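Chemist: Sequence:
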Amino acid sequence: MNNPTCKFSGNSIILKTIAELLHEVLYLAAAEAQAWSAKGEDDIHGSFLLNTQCFLSWPSGCRVFFQTLLCIILEYSSFLRSVNRGEGKSESQSDVDVWEILRKAPPSEYEKIAFQYGITDLRGMLKRLKRIKKEEKKSTAFLKKLDPAYQVDKGQKIKLMVEVANPDADVKWLKNGQEIQVSGRYIFEAVGNKRILTINHCSLADDAAYECVVGEEKSFTELFVKEPPILITHPLEDQMVMVGERVEFECEVSEEGATVKWEKDGIELTREETFKYRFKKDGKKQYLIINESTKEDSGHYTVKTNGGVSVAELIVQEKKLEVYQSIADLTVKARDQAVFKCEVSDENVKGIWLKNGKEVVPDERIKISHIGRIHKLTIEDVTPDDEADYSFIPQGFAYNLSAKLQFLEVKIDFVPREEPPKIHLDCLGQSPDTIIVVAGNKLRLDVPISGDPTPTVIWQKVNKKSDLVRSNDDSMTPSENNSDLNTDSKLLFESEGRVRVEMHEDHCVFTIEGAEKEDEGVYRVIVKNPVGEDKADITVKVIDVPDPPEAPTISNIGEDYCTVQWQPPKYDGGQPVLGYILERKKKKSYRWMRLNFDLLKELTYEAKRMIEGVIYEMRVYAVNSIGMSRPSPASQPFMPIAPPSEPTHFTVEDVSDSTVALKWRPPERIGAGGLDGYIVEYCKDGSTEWIPALPGLTERTSALIKDLVTGDKLHFRIKAVNLAGESGAAIIKEPVTVQEILQRPKIWLPRHLRQTLVKKVGETINIVIPFQGKPRPKITWMKDGQTLDSKDVGIRNSNTDTILFIRKAELHHSGAYEVTLQIENMTDKVAITMQIIDKPGPPQNIKLVDVWGFNAALEWAPPQDDGNAQILGYTVQKTDKKTMEWYTVFDHYRRTNCVVSDLIMGNEYFFRVFSENLCGLSETAATTKNPAYIQKTGTTYKPPSYKEHDFSEPPKFTHPLVNRSVIAGYNTTLSCAVRGIPKPKIFWYKNKMDLSGDAKYRMFSKQGVLTLEIRKPTPFDDWMSEHLSKTLNLNSSASQASEWNLKRRKLKKLIKDNFSYIQESYSS
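Sequential numbering of the sequence shown, starting at 1, is according to the UniProt record's numbering.
Don't take every hint at face value.
Stated by the list, open to error - Taking lysine to aspartate or glutamate pairs in the DMTMM-like style, the calculated list, with each CA pair at most 25 Å apart, reads:
(1) K778 x D654
(2) K585 x D998
(3) K319 x D297
Worth flagging that the hints you see were computed from the coordinates, not collected in a lab. A quick note: this is a predicted structure, and the numbers were derived from the prediction, not measured.
Please construct the entire structure, taking both the sequences and the accompanying hints into account.
Modeler: Next up, the structure:
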């Protein structure tokens, strides 16, 4: 810096004053330096610069001078600081209270505030802040505010209540800062001082912050709405699908839009990139959708909520086609209709029809239809060309269903007149003449006849099957001896109905609509005319699906499996049973799930992959070549459960000469079947026969086996039992010898009895002291060396502890008790100290010692009866003779004398004292006999003396003069500000010369602002000249200006003396 004054520039008056002094000193030093420069010495340069190079270039004497000068400046600055020390104190008092800021700030701002105010000891700051007590401002508007938080279940109602101080006050209720309006859900109530907000049918939208506003005061709270647990009202159902089919699991929950979690075999399902799994919500229903199922999708699927779980199994099978009804051979007449029909298991399967290996093309006469699972080939107006082998091949499956169509040709021969009747059947004379028809289908027999005159046709059905013989191929044929067949036959002549006969000139038609099992039998057709007769027997066999089997039985139930057994159906439908189909469902479900696709040949099946704890039912179908029977009745409901695991921690607790005490813990896995109890067994060492140790089951986890033979070595085992059976056995490895073990007596004195036991009079005393020792030790109780009286106290002993019982304690029960255990020559003993305490008696000899002023002195002696306990103190009370209402003066007072102060003048007082120990205060008190009278005394009023406040203040410049640069010839002003009481006198000086009588200068003073007007200044009035304003008042004779001038003169003299010394040193 080139200008030395700028180093001290600033807003402070002190620094400006120092800068002005330095300016004057440097100016004088520069004038002397110019004299040295005129003598040819080192040039100091025109402007005096305080920098390092300039200072070092000066002569040594000059450097000493400036060092001395610097010391003088520092001394003078310290003087100025001492003058204005009071001003600095006022600034320090205005410091910010950091602890008040910390007390009101949140904890998250502590570190920031500590850094801002320079606090480095954060731990100490927190400790001190913790000790500061927060003073809560008491509310004037609320008598009772809202609680910090409330909780309510979803759908329920809640009431928020406050109590206000003013019963007529109006309140506002706010929710998240918004005012609540009255509606059906929000109800406002005002009952006296209470203001109540009722919220009906709370929803999640009501979970918010609430305020109650009264005037400018507020009460805050938070309401938390708790959702009730989501229950599964309709569980999942098991499903079985084919590969590629769509799977949709559906369940119903108790709340709309609830959040659920889907799992497969314990792994949570999510929306993958392939969107294999889709989750859907529809009101209370939840869906899991698999668009195209694969074999890997088989498994157990679980839906979970916060209040329930439901599990279902998905079985995905490869596509297999089953033929429920195959096509049958047909024999039809010319111009009749031929229908080939078959039924398969999959209604979506398509196929083609073949005729002698070539595909059949439908036309007007040949129709092909596919309705559901039924495929039909219909041929109208059958011709001889239609006779062929027909086949149906399902697309995508290696099946070929074939049948033969036979054309029945009617032969017309010339018959002479009166020709005997003749039945023309192609099957006559062949074996066997049996027609097979599927139940439910239509049977139509066209029988050509001839004869002249036209014969009469009679149809009969043979009722007696005893007259039929069964051929080798299981078909029925009439017996040879059938002379009485007509007498036992049923005549068929109806022309309408389900079974009917139609007569034509050259043939007759026998029709059965919807063949039934009862239609099976031998039918005889007889033709007669006058010439003769002819007859033929036709055997009709009706085949059908089997009857349903009986309800299956369930056995061998395990954790996730069972064995299903059933019997064959009573009627196989006329065809051998090919196998069985088994289905399963949950008890509460309506969906049956098929367990096998390949027919079961056996009558038993082991069903697996069931869920433990779920109730199931089973049913079975029988299948023959015609189709599948109706389902059997459902089996009895059953639950897959597994036996529990073996009990744990099976150990021997105690052994005596005839008993063994065992204990164990429940099994780690119990399962859905629960736990019925335990079976405890034992066997002798070396034997394999296990004997039940207890009759039946025990539900406890310990057992005492009694009546054992002393010295036997026994093995013990235990099993857990539930509905599924017995668990594995937990066995103690080593044999247990039934023999008492000698154990040294030992008393285990409880911790609270190791010190004096203190009880109050009248309390019940029950002391339990456990011990160990075998065989059972002899127990002796003593008190103060004497045997206890059994009439006064009760003593009960067991194998593991001894009990001392006192129904009502009294003072004489106090003392030292001793318990002794003895087994043979071994003993152990302990001592117990018991102290029975009671309330003390009243203090003795209370007296009023002295009364003076507003005080009274009391004395008393300790009570004669201390209640068997130390006196802890006394309670002193006083009462006015007029009211006789007692007030406590001292509580827990330890001394036996006191002074009662602050008594009211003119009143008479009585005093009483209670004694106190651990049991409490004495029932009676010692009372003073004579009252203490507080006499009235006269008083004189002395007015307080007040010292008159001194408002005087020494003069002080609040704003100094500043340098000015002006233009010569133009008026200018210099201004400063001064403060002082009484009003100070003002003097203006220029170079120590008073300007009061100079007309060039005009001086003004207004409200403490001093102004000096210089008229038309000249270069003579430049910055080297000085204007000084001096202020004086009556109370400050030694003014600031006088001190300034004194220091100024001393400084100039010191500089001049040192300068002369430097000059002489330099000349020499």
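Chemist: All hints, please: hold or fail.
Modeler: Quick rundown of the hints versus the structure:
1. This hinted pair checks out: K778 and D654 have alpha carbons roughly 19 Å apart, not beyond 25 Å.
2. A distance of roughly 128 Å separates the Cα atoms of K585 and D998; the hinted pair therefore is violated under the 25 Å criterion.
3. For the given pair, K319 sits about 15 Å from D297 by alpha-carbon distance, which is consistent with the 25 Å threshold.
Going through the hint list in order, the structure does not satisfy hint 2, though it satisfies all others.
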